[in-house]
Every structure is written in structure tokens, then in C-alpha cells.
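**Student:** Protein chains in written order, with the working numbering: chain H, 22 to 526; chain E, 10 to 357.
Wrong hints could be hidden among the right ones.
[Said to hold, decoys possible] So these bits of chain H aren't anywhere near chain E, every CB distance computed over 10 Å:
1. Met-156
2. Lys-404
3. Ala-497
[Stated by the list, open to error] Short derived list, chain H residues pointing at chain E, Cβ under 10 Å:
4. Leu-340
5. Leu-345
6. Ala-468
7. Gln-480
8. Ala-483
9. Val-487
10. Ala-499
Think of the hints as simulated: they come from the structure by calculation, not from any bench.
What you are looking at is a predicted structure, and each value in this text was computed from that prediction instead of being measured.
Built from N, CA and C at the ideal position, the CB exists for glycine as well.
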Amino acid sequence: MDSLSNLADGFSVALTPENLLWALVGVFLGTLVGVLPGIGPALTVALLLPVTYSLEPIQAFIMFAGIYYGGMYGGSTTSILLNTPGESASIITALEGNRMAKRGRGAAALSTAAIGSFVAGTIATLGLTFLAPVMADVALNFGPAEYLALIILAFTAITALLGSSLVRGLVSLFFGLAIGLIGIDALTGQPRFTFGNQHLLNGVDVVTVAVGLFAVGETLWVASRMRHDKADVEPIKGSLWMTKDDWRRSWKPWLRGTAIGFPIGSLPAGGAEIPTFLSYSLEKKLTDHPEEFGKGAIEGVAGPEAANNASAAGVLVPLLTLGLPTSATAAIMLAAFQRYNIQPGPQLFDRNPDLVWGLIASLYIGNLMLLVLNLPLVGLWVKLLSIPRPLLYGGILVFAGLGTWAQSQSVTGLVVLYAIGIVGYLMRRFDIPVGPAVVGGILGPEAETHFRRAMQISQGDASVFVTRPLSATILAVAVVLIFGPRVWRLWQRHRGGNTGGLATE
Amino acid sequence: METRESAGLTRRLAVAAVSCLMVIGSFVPVATVMAQDCEWPSGTLQLMAPAAAGGGWDTTARELQRVLGEEGIVEGDVEVFNVEGAGGTIGLSELVSEHAGDENMLMVMGLVMIGGIGLNQSPVTLDQVTPIAQLTGEYEVIVVPADSPYQTLDDLIVDFEADPTAISWGGGSAGGTDHLLIALMAQQLGIDPVTVNYVAFSGGGEALASVLGGQTTAGVSGLGEWAAQIESGELRALAISGRADSADGATPVAEGDLGASIPTLQDQGIDLELANWRGIVAPPEISPESTACIIAAFDELNASEGWQATIEQYGWSNLYLAGDEFDVYLDEQIVTINQTLTELGLIG
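Build the full structure now, drawing on both the sequences and the hints.
**Tutor:** Below, the structure is given as C-alpha cells:
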């Protein structure tokens, strides 16, 4: 109840007309900048930080909350409409979202992303309000062994992305793993696969990989097929808004996405990518329309988008309770806190209650603002797709290049983008799925680092992965997810004497 | 609580006052305060932070931008831009290759860049730039979680000497300041640095989680990053890498009350001082006259109340050292660090 009265105080701070105006400004700027490829929420907050120096702390944080949520929403807009994800958390959104957009369901995809983000953001902020101290304790039990187990669990998501041919899926996965190896090794400081090029020392950004494979690869593919098939993109087909059926198919993924995203986001090294993979594979397993996956299933947008937003709120748990910044944006917010002489951490709730609760209240408000601002604009955004194809894809190519330039500021970055784009074209040409490559590029390096850290701490004893209870539990879940369905089918067949299942194997 | 709020109010008033002055200042021409006949900078001053937004170099650059303007040391515009990657060496090579002779361009750098040059096999080195000044620094702390059996540094060292691999140290990236401190300490204790079980994390946050969660035996990081957890008692600070109370009247260590309450390594018999310092360099081919003008401007900055307040606010130490003195210190640091990294097997 203490939390409630504190929260009420927080709202009384955040709900003044002036503060609402700052929330609106934040959401607007955040969406605007977030739509630009290559500029994620972290860079947006960093760029706008100096603007807030003249504001009161609470106003500054209200504006941040708006920028943060706005930036994330803007990222999914380009992901869905143009297949150019602006940050790693919205890569999975592009998989189904862009297919939906091409089938004329772009507005529904944008709506389910916006409403899902709102639902997830609101529930996760509630979680932050009431569960923060508990989550913080659980999070500390997560060591390298647990992270590795979690990543192995996330690797099960790949099975949902592999497509029809196992060999083709694995080719794609290993391409991603290889790209992920490029750069300085985090544990020994040795450069790998950099060919003496300085700009490759920091590795290839996974957003560059995704934009190359998705946007550039697709542009080349469309250009090569231009004369053959005419109708590839339909701007609007059927109802512009979400139909009753869309709602029915969206609400459960929203809730499941939230349930996955918030706890993982609260972990010090959880991040936003793993929950989006997990949510995607879960939705694919649970859907009534498995045939639509890969062709634009609304569940594949609703779930990962909710997971992404819920994990963003989860990131605030370790930041506020432990003083642990666990994402780039959180690190910048920490810098902002320090700017105001506030040290986040164990004593923050006692020392600056008005500020913390004001910030939490402003998260609720920012979320609502985002919905109000963006839903009416959905119809406008999808008009983008009625641009004639040569111009549209030309524009996408320019955007993809700009985004990479903004991120890497080097010619090498552009060369890498286009080289990956050509690979993406060849993958389409030979019917190799691009999803596993992206997942491999993100999870591969993380799996390696956590594995080696765990082995270093245990001094080479590999049994840590199964002797630590949390790690063992997560691994068991992964095993069940991989082998459970097969065992189940075998058992069913055995019991019913049904041999029809063999044909589908 | 009250003091905090009133401090906040004072600061806001100060900001308001300064903004008013700036407005007035833009209408009334103010005579330049520099003693020498300096016209620096001759245009917009560009400050490069050779790292991503939000880090230590970026924060330093953005605070310099603010204070140089507010104190009227630079009357024109000051712009900050980020060139990130490869331990700052991408920014360094841009400074050397594209901005030689440009006196309106400065770059923030520091201890980490020296290691970065070796680790990243950078073709460009700090020998090529024009050193201006060392500005600030943060001392390192060695901590254990509150429930750790180690009460003092001696306790920890006894076990460390008995079996170096049995103690795991959580800290920042391989070859960074945190890693260097442990390697240098091992050298002092006669332990081969290669045997040290140093677990590199990508940031202070992840390393902190590993220490709090008991994944690693001990942790090492800049004091500022973990100050809140030390104050709240969740972490026990065993040592700080600052200077022992110097009898020779050298620059006092000003890390605030918290830093002063932690025993230094030197106090505990390990002759080691290491600060994660940050400084300013200019591109190559700057004339001695211009260099003197830039140094004069930073002398003025260091004397200003605004800069002192900034240093205090972030809990940094003032390690101001300008011109030739900085040049000599920089050369010493390059030798020490490269030697240690070579012994660690990180550079060949």
C-alpha cells in the first residue's frame, strides 16, 4: 500500500499541465528520431540530454521516459513498413511485420505493435512499481552459467525460424555465427577476422547485419525480379484497422510477451533481444495459424513487440534498485541522474522518493501519450507503401545507407552493409532463410562470452551448468522445448497406432 | 535530504544566473580575459570524444563544452562530436590524419587509450599528437560483497598468493584500467600476471552484478561507479588505488569523504598508485604559440569555480597537469602500461 500512496504522489507531480507538455514533447521527439534508421533510443536520449539541463530534474525525466518509449515505437514502424530495423530489439518485428505490410495489413501490424507496446509497457511498469525489490534479488542469482542456459533456451527460437530445409537453415545460422566472431574478443582483447582493418575491431553491428540481409538483400531481389512479377506490395487490403479476429489473435501474445520480456529485461545482462526471440518461437508453437508464420502472422508482431517494451521497463529495475545500468539507454540515464547529483541504487527510494515515483508515474503517462499520438498516424504511415516500387526501394536503400553511416561513420561500415546485402540477395535466390543468420549474429558472441566467463570462474569445471539449480532448470526447459513435441507425437502415435504422422516428419 | 535539496536549489539559481549573464553577455562586448595576446579559438571549437555517447570521455567532453562556455573562456561555439570504436584509436587516427594543424580541434583521451593503442595495434600513436593537459581522474577500488569472508586486503592477498587462480576478479574490459590494476598488483606481489583469473565484463554494471551475486570473489572498478553500493554497505571496499597521505605535500587526493575513508594500497604495503585519468590533446603540427594559448585557456578552466564544481559533482579527482609536465607523465605512462600489457600477453 505504501507503493500505491507513493505512486499517487508521483502522479500528482507528473500530471501538471506543464509536465504533461514535456511528456508530449518527449514522445514526439522520440518517435521522430526513432523512425530514422540507425538512431536508436540510446543515441536519441544522449543527443537530447543537454536540452534537458535547464529543466527541473522531474521534468527532464518525464521527457526522457517519452523519448525512450517514443524511440522504441519509432523503431518498429520502420521495421514493419520498410524492413529496416533501427535497433536490435525490433529485428524480429520485421520478420512477420514486413510480410504483413506487403499483404496490405501494414496498418494492423502497426496497430498491434502500438497497442501491444502500450499493454506491455503498462503491465511492466506495474511490475516495476510492486516487484522491483524482489526482481532485483532474483537477478543477482544470475551468473554466467545462467546466462548461457538462457541463451541456449533462446537458441530454440531458431527452430522456429529454420524454414522447410534444415541444411539451408543451418547455413544461414553459421553465416550469422561467423559474422558474430568479427572484432576484438572481449575476454582476451585479441582481434579476430578483422584483416587488419581498424573499423572491424568493434565487430559488425547486428543492426547492420539485419538491415543488410533484410532491406538491401530484398531491394536487390526486387530489382532483379522487377520485370517478372508486378504485384509485390499492396498498400492496403481489407480493413485498415485491426479486425475482431486480429484482436482475438493479439491479446494473448501481448500478455505472454510481457511475461517473458519483463523478467528477462530485469536481469543485468538480459537485454531486449532474447525475449523477442523467445516470444516469437513461443507464439509460433502456440498459434492456431502456423501456416501464416513466415507470411505475416499477426501473433509474430504482437508478441515480440510486447516483449521488447516490457523488457525496456524491466531494465529500470536494476537501474533504480541496484544502480546497475544494463543497457546503453540505462547507462545514459544513469549519467543524467548523476548530472542532478542523484545516485541511483539501494538508497534512491529513501533519498529521492518524489523523483523516483514521479519517474514511474511519467512512464505510465508516456505510454499513454504514445498510443494517443501514434494510432491516428498509422493510416498516414502506411501511405508510404503506395509509393511506386522503384522509388520506394530506392528510398529504402538510401535509408539503409544513412542509418549505417550514422552508426559506423566509416566507409568500411557501408561496404560491410552492401556485402551482407549481396549475401542476403543470394540467400533469397537460393531460398535460404535470413532469420537464423540474425539470431546467430546476436546470440553467438553472447553465448561464447558467457560460456567462457562461467568456465573461468569455475576454473575449467564444466559441471557448473548443471549443478547450479537455476541454470539446470533453464536447460531442462530448453530440452523439453526441443524434444518434448517429438516425444509427445511418438507417444500419441504409439498409443493410437496412428501412422499418419510419419508423412509430416 | 534537506541539504541535498538546498544544494539543488542553489545550483538551479546558479544556472539561472549564469544564463542571465550569458544573455547580457551577448549584448555587451566583454574584453578577453587572457593575459597573453591569444586569439584562440579562431572559430568554432570542436571537441572530439573518441567513444560512444554516455561514457567517461563523452561526459568529460560535454562538461568541458558547458563550462568553457559558461565561464566565458571560449566565447564562440563549442561543438562536441563522437568518433567511437577500437578503444578510442579510430578517433585518434582521425585526429592525426585529418586534422593536423587545426588548432580549433581538441580530443578528450586518457589512460584507456594508451592500452587501446597496443591492444588494437593502432598504426597511429600518442607520440604524434600535441599534449595539452591532464584534467581529472578516478581512482580504482577493490571490493568484496558484504557477506564475503575477506575483511581486509591482507586476508584476500594471503589466499591470492597461495593460489592466484582461486581468486576471480570481476572488472571491465580486458586490458582496461581495472585489469591493469590487478596485473600491476600481482607484479608487486611477485605473482605472474598471466595466472591471474581476471573475468572481463563489458561494463561496470555487469561486473557489479557479478560481485554482488557472489559470482566472482572480488571486484575492481572506478570508485564513482560503485560509490552507492559501498555507501549502503552492500560492498566492502578493501583498498583504493590513490596516494597515501603524502608527507612531501604533493597534490592531495580529493575523492571526497568516501574515498578518504578507504585505505590506499600504499597504506597496506603495496607500492602502487593508479588513476583512470582523462586529459586533452590537440592534433599534430600546432605551433608552440598556439599550444601555449590552448594551455593558458585550460589553466583558466582549472582555476574556474565552474570546473571545480563539476569535478566535485562527479566525484572525480583533480589531477591537473599541463604542457611539458603532462608530456613527461604521458611518456612514463605509455612505458609502464605497454610493459604490463606485454607481460599479460595481450600485446606482442
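**Student:** Taking the numbered hints from earlier one at a time, note which ones the structure violates and give those numbers from smallest to largest.
**Tutor:** Hints 6, 8, 9, 10 not satisfied by this model.
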